[in-house]
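Novice: With the sequences and hints as input, model every part of the structure.
Letter by letter, the chains look like this.
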Amino acid sequence: MTIRSVLVANRGEIAVRVIRAAKALGMRTVQVHSAADADMLAVKLADEAVNIGPPAPKKSYLNIEAVIAAAKATGVDAVHPGYGFLSENGDFADAVVNAGLIFIGPSGDAIRLLGDKVAARKVAAKAGVPTVPGSDGRLDDLDAAKKVVEKTGFPVMIKAAAGGGGRGIRIVNSIAELENQFPQASAEAAAAFGDGGLYMEKVITKARHVEVQILGDGENFVHCFERECSLQRRRQKVWEEAPSFLLPADVREKLCASAVALAREVKYRGAGTVEYLYDEDAQEFYFIEVNTRIQVEHPVTEMITGIDLVQEMIKVCGGATLSVKQDDIKVHGHAIECRINAEDPAKGFMPAPGLVTTLKVPEGEGIRFDTMLYEGYTVPPFYDSLLGKLIVWAETRDACLARLKTALEGLVVEGVPTTIPLHLALATDDHVRRGDFHTRFLEPWLESDFATAGDKKAEVA
Amino acid sequence: MSKLEIRSPLPGTFYRASSPDVPPFKADGDAVASGDTIGLIEVMKTFQEIPAGIDGKAITFLVDNEEPVMAGQVIAEVEQ
Chain B
1 MTIRSVLVAN RGEIAVRVIR AAKALGMRTV QVHSAADADM LAVKLADEAV
51 NIGPPAPKKS YLNIEAVIAA AKATGVDAVH PGYGFLSENG DFADAVVNAG
101 LIFIGPSGDA IRLLGDKVAA RKVAAKAGVP TVPGSDGRLD DLDAAKKVVE
151 KTGFPVMIKA AAGGGGRGIR IVNSIAELEN QFPQASAEAA AAFGDGGLYM
201 EKVITKARHV EVQILGDGEN FVHCFERECS LQRRRQKVWE EAPSFLLPAD
251 VREKLCASAV ALAREVKYRG AGTVEYLYDE DAQEFYFIEV NTRIQVEHPV
301 TEMITGIDLV QEMIKVCGGA TLSVKQDDIK VHGHAIECRI NAEDPAKGFM
351 PAPGLVTTLK VPEGEGIRFD TMLYEGYTVP PFYDSLLGKL IVWAETRDAC
401 LARLKTALEG LVVEGVPTTI PLHLALATDD HVRRGDFHTR FLEPWLESDF
451 ATAGDKKAEV A
Chain X
1 MSKLEIRSPL PGTFYRASSP DVPPFKADGD AVASGDTIGL IEVMKTFQEI
51 PAGIDGKAIT FLVDNEEPVM AGQVIAEVEQ
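Quick mapping for you: the protein sequence lines, in order, are chains B and X.
With UniProt numbering, the residue at position 79 of the first sequence is 79, and numbering never jumps.
With UniProt numbering, the residue at position 8 of the second sequence is 8, and numbering never jumps.
Between beta-carbon pairs, the in silico distance windows are: (1) D327/B x F47/X: 49 to 59 Å; (2) I64/B x T46/X: 25 to 35 Å; (3) D64/X x F154/B: 39 to 49 Å; (4) D28/X x K44/B: 38 to 48 Å; (5) P155/B x S18/X: 25 to 35 Å; (6) S18/X x K44/B: 30 to 40 Å; (7) D384/B x D64/X: 15 to 25 Å; (8) S18/X x I64/B: 20 to 30 Å; (9) A71/X x D136/B: 44 to 54 Å; (10) K59/B x T46/X: 17 to 27 Å; (11) T37/X x P248/B: 46 to 56 Å.
Bear in mind the hints are in silico, worked out from the structure with no lab data behind them.
Note that beta-carbon positions come from the ideal geometry of N, C-alpha and C, so glycine has one too.
Specialist: Structure, rendered in structure tokens:
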């Protein structure tokens with residue numbers, strides 16, 4: 001069945017991105033929104049909009065019945081879940097299909113399988129993808145955990161089987177800590193996720209976060225190379241690049257092939273991301289998890305491959321064969337994405353919603369700004385702080401950093417604080433220029449280099 | 001007997017307790033001291049404690065748990 005109309009079950013910049021992709025494919029678009037989001041950009045761009053409930057996400061964007069009712073009432077063929085909210089909820093995918101509609105993503109079963117961290121580790125191992133040394137699955141009890149530690153050594157992470165997105169993780173450094181933390185972690189996981197199941201992984205102390213973009217139509221599977229997302233604050237990505245420029249060619253080849261093997265193992269359909277930790281010293285990579293949706297940082301992959309990932313996922317979920325073959329997918333140049341959040345980096349990243357009084361967007365070759373903003377828009381306080389993503393491409397990484405600095409200087413958002421000053425500092429930092437960073441680089445850097453730079457500026461002023 | 005207003009310093013979602021499984025910071029009718037936390041405001045997924053800011057008796061909440069509030073909105077009243 002060809003998709004002629006699509007409902008966007010999301011908000012913010014990704015809703016805008018999906019509406020634009022669907023329009024480019026000639027589709028009718030329907031945007032759902034909460035009572036707080038009637039003025040958002042995606043509502044203005046869509047052919048039709050439906051208010052699905054009060055501001056609180058669980059009463060609107062997380063309300064499966066309300067979203068399905070809106071889809072039925074507007075007679076759409078398909079539902080795009082974006083990222084976050086219901087995008088990785090297998091029951092939502094099933095509800096869409098049971099309503100006679102197409103879910104733009106993998107099947108509910110695939111989402112549930114890959115969403116269970118323990119089950120996903122087993123799938124990865126079966127597909128020959130290396131996993132971080134640790135327990136083979138759920139740990140029955142503390143004794144089982146102690147046996148695993150004999151093999152891996154400390155430090156180890158205790159993780160909730162039902163956790164994700166950095167939640168439900170504890171790091172322990174000794175047998176005493178393990179004995180103390182294990183029961184607590186189990187009780188906490190049961191309370192937070194309704195499932196007290198735990199598993200354990202060795203901590204890779206200096207690792208990069210590298211992830212591979214995959215595409216599948218259920219029969220054919222390709223990768224669109226990798227992204228480097230090591231610059232994180234509180235386990236949230238801040239800055240992403242493609243490709244991971246220091247990755248040796250043979251490692252890149254093995255890494256990307258392993259992601260395709262995993263996609264084939266579950267007959268993947270749509271766009272997805274396989275996340276890894278990469279130990280640079282050992283030149284070893286380890287599977288972390290699969291995200292069964294489009295990701296925030298997908299544009300850097302689009303910029304270096306020329307593939308429109310959102311259009312492609314809509315097409316394959318409508319029944320089309322993948323429009324690209326592996327040999328056609330080539331990396332050209334380098335791209336960097338900066339997440340522009342409504343947070344004040346000089347005040348501990350305190351978020352602040354409010355009225356956007358001025359918006360100036362830089363233009364030019366290799367510059368793209370995916371955003372939910374317009375002048376006169378009031379950013380509501382009820383959702384995350386992402387305002388937009390500045391994505392810059394150039395022939396080389398050095399040229400990309402130079403162009404990024406110019407683009408950041410040309411990006412003006414007034415009325416709310418933004419993380420633009422943080423990105424300007426990163427774009428001119430020596431560590432960043434050398435690629436000399438890992439997943440635990442940014443937080444200490446913010447305390448030292450970034451804080452000191454702020455003080456010097458204040459003295460000059 | 002005069003009533004004093006406690007206003008939300010921020011826009012966001014108001015919570016009367018630190019989590020769904022624990023009692024509220026203050027029950028209706030409680031006395032409050034200036035430094036007491038009377039609730040939380042969730043702004044863009046971060047939580048800020050709201051202090052009473054004034055001493056008073058018999059607090060009355062005007063905003064329900066998990067309701068959206070605007071900056072400057074009166075969330076509770078106390079008697080002096």
